[in-house]
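Whole structure, please, built from the sequences with the hints as guidance.
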Amino acid sequence: MRTLITTSGQAKAAGNDAIEQCLANAHEAGLWLDIEAPDAEDFSLLEKTFRFHSLTIEDIQHQNQRPKVDEYPEYNFAVIFQASWEGEEVAFREHHLYVGPNYLISVHIEPSTPLRELQSRIEKSPELTKGQPGFITYLVIDTLVDATFPVLEKLDETVDLLEDDITEKASPDSLNRIYHLKHSVTEMRRFLGAQRDVFQRLITHGIHLQQQDMTLYYRDVFDHVVRQYETVDSLRDLLTSAMDVYLSTVSNRLNQTMKTLTAIASLFLPLSFLTGFYGMNFALLTGVLETPYIAFAVGVGTMLIATMIQLYFFRRRGWI
Amino acid sequence: MRTLITTSGQAKAAGNDAIEQCLANAHEAGLWLDIEAPDAEDFSLLEKTFRFHSLTIEDIQHQNQRPKVDEYPEYNFAVIFQASWEGEEVAFREHHLYVGPNYLISVHIEPSTPLRELQSRIEKSPELTKGQPGFITYLVIDTLVDATFPVLEKLDETVDLLEDDITEKASPDSLNRIYHLKHSVTEMRRFLGAQRDVFQRLITHGIHLQQQDMTLYYRDVFDHVVRQYETVDSLRDLLTSAMDVYLSTVSNRLNQTMKTLTAIASLFLPLSFLTGFYGMNFALLTGVLETPYIAFAVGVGTMLIATMIQLYFFRRRGWI
Amino acid sequence: MRTLITTSGQAKAAGNDAIEQCLANAHEAGLWLDIEAPDAEDFSLLEKTFRFHSLTIEDIQHQNQRPKVDEYPEYNFAVIFQASWEGEEVAFREHHLYVGPNYLISVHIEPSTPLRELQSRIEKSPELTKGQPGFITYLVIDTLVDATFPVLEKLDETVDLLEDDITEKASPDSLNRIYHLKHSVTEMRRFLGAQRDVFQRLITHGIHLQQQDMTLYYRDVFDHVVRQYETVDSLRDLLTSAMDVYLSTVSNRLNQTMKTLTAIASLFLPLSFLTGFYGMNFALLTGVLETPYIAFAVGVGTMLIATMIQLYFFRRRGWI
Amino acid sequence: MRTLITTSGQAKAAGNDAIEQCLANAHEAGLWLDIEAPDAEDFSLLEKTFRFHSLTIEDIQHQNQRPKVDEYPEYNFAVIFQASWEGEEVAFREHHLYVGPNYLISVHIEPSTPLRELQSRIEKSPELTKGQPGFITYLVIDTLVDATFPVLEKLDETVDLLEDDITEKASPDSLNRIYHLKHSVTEMRRFLGAQRDVFQRLITHGIHLQQQDMTLYYRDVFDHVVRQYETVDSLRDLLTSAMDVYLSTVSNRLNQTMKTLTAIASLFLPLSFLTGFYGMNFALLTGVLETPYIAFAVGVGTMLIATMIQLYFFRRRGWI
Amino acid sequence: MRTLITTSGQAKAAGNDAIEQCLANAHEAGLWLDIEAPDAEDFSLLEKTFRFHSLTIEDIQHQNQRPKVDEYPEYNFAVIFQASWEGEEVAFREHHLYVGPNYLISVHIEPSTPLRELQSRIEKSPELTKGQPGFITYLVIDTLVDATFPVLEKLDETVDLLEDDITEKASPDSLNRIYHLKHSVTEMRRFLGAQRDVFQRLITHGIHLQQQDMTLYYRDVFDHVVRQYETVDSLRDLLTSAMDVYLSTVSNRLNQTMKTLTAIASLFLPLSFLTGFYGMNFALLTGVLETPYIAFAVGVGTMLIATMIQLYFFRRRGWI
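Chains as they are written, first to last, in our numbering: chain S, 1 to 320; chain A, 1 to 320; chain B, 1 to 320; chain X, 1 to 320; chain R, 1 to 320.
Treat the hints with care, as some may be off.
[Unchecked claim] Cβ pair distances, simulated, as ranges:
#1 B:E117 x S:E74: 33 to 39 Å
#2 X:G287 x A:T302: 24 to 30 Å
#3 B:D39 x S:H180: 50 to 56 Å
#4 B:P101 x X:P73: 54 to 60 Å
#5 X:E89 x R:G15: 52 to 58 Å
#6 S:H180 x B:E117: 37 to 43 Å
#7 A:L311 x X:T302: 28 to 34 Å
What the hints contain is simulated information worked out from the structure, not anything from laboratory work. If you're wondering where the values come from, they're calculated on a predicted model, not measured in any experiment. Yeah, the Cβ is synthetic: ideal placement off N, Cα and C, and Gly gets one too.
And the structure:
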């Protein structure tokens, strides 16, 4: 599915003819061609009309690249990733961009919500593009990069919520969640690290970006990518700590359980011994125990004293 | 709220006219305009009168940037963070600075205590500025950077106090505090790392700073930022260790609890067995137990011996 | 065992004469000589006919090098590793490549499945080589690098499977598997790190690779190596986390066991005390217990109440 | 307190006049002025006579700098730290050095034992200075750097002693000591890291050091600083491991305690059951137990058998 | 003890005269002077005849340097370490090398087995030196570097053996061994890291090495040093993991012990309660128990049922 945008808004048709015509006029009106779920015809357009290198076509077909930018004499070929929430998982959307002097071609397999929103915004108010071909390219790249922020914010919140959860409950379930978050954050860190390098190179080498003096704008985008990378790096640090906290909390809890057990045993084992003692079949002992009230009072008294002594020790150790 | 400072102290008014007049005279008298909680009129002043790039205005409006410095032909735009204690939490205050050849404009949303104090100090003794426009800029930047030191010192103290706390008590509460400190320190390390890079660039590239040979002074500020970064890096290291110490202390304590339980069980389980033994209904045994004194002495004696043996083992293991 | 390939497909013979003839014609038809399990005659061919440096011959004989590239005036000598699954273990296959202006000589001791497959593909469709001598070299290197991807994918899957395994069962067996995976991943990271450096140098310095403008293709290979390195780096991170999760799960389980023990002891120790109490030989107590029904009801009642109290506490602590 | 040294030994007086005179002659006889606990007069000497920058004076007054070197046109200003043992703690002594073409001024607040020793050595044998002004500077810096070695050696020994301590006893006290050592080592690493950078810059930029071809000597000092840094880095690594070993030892010990408890419980709980069984008031059972010898033998026999079975299992598990 | 080697084999005498004569002829026949356990005469030879800088002599005397290379106008002075097994410990042998244009002087305090073997090999077959003065230097350096490989291989094996040991037994002894290995590996990593830097500098700067085009050979040596460093780095990683595995195994074992205890307690505490119940002195209960067979069957039956229920739960939890 193709969408064709120029500085004057969305074009009606995006057939091969329309595209070639726009391309001829790109130095004035600019050209952004967005291709979703490219088919054979689209690939032939890229290869025949635009004469892009076959390696770039292969990259689009194989997907699963890493963020990168390849410089060709006539254009730059960039792979940019955008993170998004897919249910409870972080998914990574791959976008392939051909950045030419006056045009931009973006290719992606899944539908891209942020790009679709940008298209309708440009359609409604074409003055967003400032009438400059290069500004559309900036808008697209800026949109793709900023679309990762909400994911980071939700991750940040989730980690914040976890903190309270762990120190209070430390259920196996929260351990599981820490581990899955760690997994997502590790992956995210990998692609944001590569993306940061891409933007550093785009800004210093990417000649086609810097026409019409767009450097200031891309510097801004670069700052955003660096901020994303630093955030995800901190999250990784915090998740590692969270796992340590979890382990400590479990150990603490184990200690609580053991204190309970020890208290129970300390209270009742001596008492059992005493009842056992008074239950022995010694004639002498039995003889003594015949004298009713006093003996019984002594018996119950020793038990109470044993209990008192235990309770005193528990208090001294701060268990009760 | 605007405050206007020149090398001769605070100006009475900070209306648009007064500012334009001061600006015209800035190469001699310097100009520091401090804007707190900027409103629409202030933004228009920045955009129209000073002709600052719209991207910088957007940065001020969106806040939540990272420390950075952007170079523009006529001025540098810097974002500097200052840490401060907000109750029990570390808060980060964002300051946006326009550094021009003879002027400085500082913008911040919340009230900034260190800047206000600096203003009153300059008002009282304008000779602080040495009559040089560039020196005001240095004073502002130096003040903002040094305002983070007290936070680091309090963090350092808190970590020192924790040390004793953990090895003595290891309460879940101290675990919680370690984790929150780690959180603050992680965030602080992130912004101080970026700030360090900002100052390195300010010093090597920031042409507008180096008029009137201020290099020596900014080198000093840079040293302070590096020291802050190194301190926070050490704190992070120590907090990681603190968590390990906590876990070890909890395990140690668990071992203590277990030793108590084992001691109780070792003392009373054999005794209970003996009382049970002497309580059996064997006619033979009961017959033997009829002979009063000696049998009873043997019975109590075996119990005492069992207790002695246990106490001997406890001592050998160093438990008592 | 020698195999001789040119841009027009596989050569019939690979005797010394055939090779010399091909070499003379290499600037047109290219030349790829693959030597498996080299013997004395092969080494003499390398040393006498091709005049390769004796240090490179020694490297092939000693094996056990690290990925590297040595530049000689007439050729580059590269050592490239390829990972493969050998039963349940990751094995590393060493390949030695002489990269000349128009020829490539690959030497390896064990049979190399990916190279054999490439040979038969070229034989079937020689147009794969695009008729360019340099393109064969690219195909060989690309094949060797990409042959490591399936190993990484299987490792990735194994780690994913482990995750569920640990948090559910945490058997000593899964600990063992984590450790062995860590071992493989550590080794793999070491060789991929070196390989990444090799390719960076091959691309920037390796003059014999860049004839016929192959730079674009090698950039693609380099990207793959970097992706492999980043993947193995993430895996290492995840395995470290997995070990922490394992430990936490074991501690959790220990806590479960302890809760069971505490519950059992808390239920039956008080009951045992009560039965002991009612079994004491006090005449008074025995007298009281003579009144049949009510006394028995009181006795069983106290036991039931003791049990109720325990169950109430268990529920409050969330154990049942 | 001032001390004045020249290549011909210690000067009698160190009044302002004597210093100015020496300074005039410094290109021949050199000049080392050591100021301990500087007072107002000393600061005025530095500012008026030597005309040092006011920022450097402030640094001396505020202390608490980090190791650094600032280049001024006429001199270098260096802050160098020296570690020393203060009771059981590592203390860091701050030295401020002005390094001029022919003179050196060292300022420190606390008395400095290594510098005092150097002074008396020079006084006794002035030929140590080789009659070169620049050589005194080298001697001072070398002395300050090497004074940190004994501290590192004692730390190294302490860590070595800890090793045996932990795996044998693992007392909470040794945990405490690990943590405090970690603290010292972390701080030391921070200042040695900065010191390393200082010396790298001193050697490559520090023009006033390199007169009279002293480069070779300072390279030697640099090597010492790097060795100190590497040592403290290793110590940090080992202390982290020590904490892990501690935790493992405690867990091991806990397991020992648990085995004891389990053994006691396994031995006596079955025996208690048996004594309880033979103590039941069943008429049938009581009837059987009337037959004296055999029944009693059976009773004691079952108890012995139960004990044997337990002991057999303990041996199989390797507990006894 | 001196040994004198030239390209034509070992010289008979190594007196001062013989050395001076050889030195005069070194540009043709080369010269390797090996000094073991240098005495005053040897130091005077180095200082007077060869005119080496006094700092290098001091370094030899003080020993305990780190791997380094110092460039002097006429020669390079290198300190190279070689690891060797000393009983069960890794020892580090220090070698000091003076590398001149045509000569090499190696100094070491302890006897050096690898150098002695090299000497006898050169004596037997002088063609090893290829008749080039520079080749002897290469042979010596190559020998010293490669002598560390066997130590690394034994370390690697030891770590491999540990793996099985830990997951099976986890004795305190293996913890001790891990810690000692970690210590050795940490130290080794420190010196190999410095050694790597030495060789990088020797290759790029060391002019006296590169006469007669020896670059290719030293590149090979450098590759070996890098491989050694990477190996020791991996070992460090694996030992850290080993410690984690150890801790997990101990925890697992603790859980096993606890399960045993819980099983014993769960089986016998209810039984003890029942025997206690049937041993109570209630007239009613005693009356019931008079009816011989059925009551006894009920009593034993309830005990069997209690045991069955416990066994059923154990099986459900997978304990038996």
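Here is how each hint holds up against the structure:
In this structure the hint that E117 (chain B) and E74 (chain S) lie 33 to 39 Å apart at CB holds, the actual value being about 35 Å. Taken as a hint, the range 24 to 30 Å holds for the pair G287 (chain X) and T302 (chain A), whose Cβ atoms sit roughly 28 Å apart. At about 54 Å, the CB distance of D39 (chain B) to H180 (chain S) agrees with the hint of 50 to 56 Å. The hinted window of 54 to 60 Å between P101 (chain B) and P73 (chain X) holds, with their beta carbons roughly 55 Å apart.
Between E89 (chain X) and G15 (chain R) the beta carbons are some 56 Å apart, a value that agrees with the proposed interval 52 to 58 Å. H180 (chain S) and E117 (chain B) have their C-beta atoms about 38 Å apart, which keeps the hinted 37 to 43 Å range intact. About 29 Å separates the C-beta atoms of L311 (chain A) and T302 (chain X), a value consistent with the hinted range of 28 to 34 Å.
The structure shown violates none of the earlier numbered hints.
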